[in-house]
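Novice: Sequence:
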Amino acid sequence: MALIGGSWLEPVRGEILGYKYIYIGSRNSYTLLLLHGTGGSEEDLVPLARAIDPGAGILSPRGKVVENGMLRFFRRLAPGVYDLDDLKYRAEELGDFIEIASHQHGFDRSRLIALGYSNGANIAIATMLLRPGSMAGAILIRPYFPVDLGVKPDLKGKEILITAGEKDPIAPLGSVLELGEKLKALGASVELKVIAADHGIVRSDIETIKTWLPKTYGKIKSRPGKPDPSSLADIY
Numbered sequence: 002m003a004l005i006g007g008s009w010l011e012p013v014r015g016e017i018l019g020y021k022y023i024y025i026g027s028r029n030s031y032t033l034l035l036l037h038g039t040g041g042s043e044e045d046l047v048p049l050a051r052a053i054d055p056g057a058g059i060l061s062p063r064g065k066v067v068e069n070g071m072l073r074f075f076r077r078l079a080p081g082v083y084d085l086d087d088l089k090y091r092a093e094e095l096g097d098f099i100e101i102a103s104h105q106h107g108f109d110r111s112r113l114i115a116l117g118y119s120n121g122a123n124i125a126i127a128t129m130l131l132r133p134g135s136m137a138g139a140i141l142i143r144p145y146f147p148v149d150l151g152v153k154p155d156l157k158g159k160e161i162l163i164t165a166g167e168k169d170p171i172a173p174l175g176s177v178l179e180l181g182e183k184l185k186a187l188g189a190s191v192e193l194k195v196i197a198a199d200h201g202i203v204r205s206d207i208e209t210i211k212t213w214l215p216k217t218y219g220k221i222k223s224r225p226g227k228p229d230p231s232s233l234a235d236i237y
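Each position in the sequence shown, counted from 1, maps to that position plus 1 in my numbering.
Don't read these hints as lab results, they were simulated from the structure.
It is possible that some hints are incorrect.
Claimed, not checked - Here are the computed distance ranges between Cβ atoms for each label pair: (1) 81 - 219: 23 to 29 Å; (2) 70 - 175: 18 to 24 Å; (3) 70 - 157: 40 to 46 Å; (4) 155 - 97: 17 to 23 Å; (5) 40 - 173: 29 to 35 Å.
Even glycine gets a Cβ: it sits at the ideal position worked out from N, Cα and C.
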């Protein structure tokens, strides 16, 4: 549950544009758009979000594309080879989802920060490039974005944190460094942290994000109660 105006609000489950999702509101903070990796669901990143900021709002959609029985946010033609047309379509669709959800639940898109892991980080990038007004910034964990969408939006004012795995075989460090430079060239403020890890999320990712979020978006006043760690020690 999340604290809203001194009372606790149960998570809301719904469906918009075919995206099944979880929403937990917060009046006093930003909202985190949680975008899971391949094979995940709308539940996957909630423990991570709660560990980072137990008072933040949450909007967590489930990917709709199925690949070998696993859910994703867009199609691949092969590992590391993206279906560019589908990527663009899904990014626009996710932008529509965000817009509708913001009206339905009353959160401010100028305080919406994408938190995406792997495939979720990649769809966050595409959505920001094609629909820059849909979010304030992004936390990109292990992104791999070797494609050009043919657009050059003005990302001035967008705050982006990238955490790269030093020994990541799926999102090689060189490609992530190049991505950071491309986003900077579009005007975004980018902080890139190299983590001693491969493709999986580790404790250092959590600590890096916990430091970056309040520094970037301002501290929120403390709330009574404690976050449910949901066995974070076992997960990360």
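Novice: Each hint needs a verdict: does it hold in this structure or not?
Specialist: Status of each hint after checking the structure:
| no. | hint | in the structure |
| --- | --- | --- |
| 1 | 81 - 219: 23 to 29 Å | violated, 37 Å |
| 2 | 70 - 175: 18 to 24 Å | violated, 31 Å |
| 3 | 70 - 157: 40 to 46 Å | holds, 41 Å |
| 4 | 155 - 97: 17 to 23 Å | holds, 21 Å |
| 5 | 40 - 173: 29 to 35 Å | violated, 21 Å |
Violation of the numbered hints given earlier is confined to hints 1, 2 and 5; the remaining hints are satisfied by the structure.
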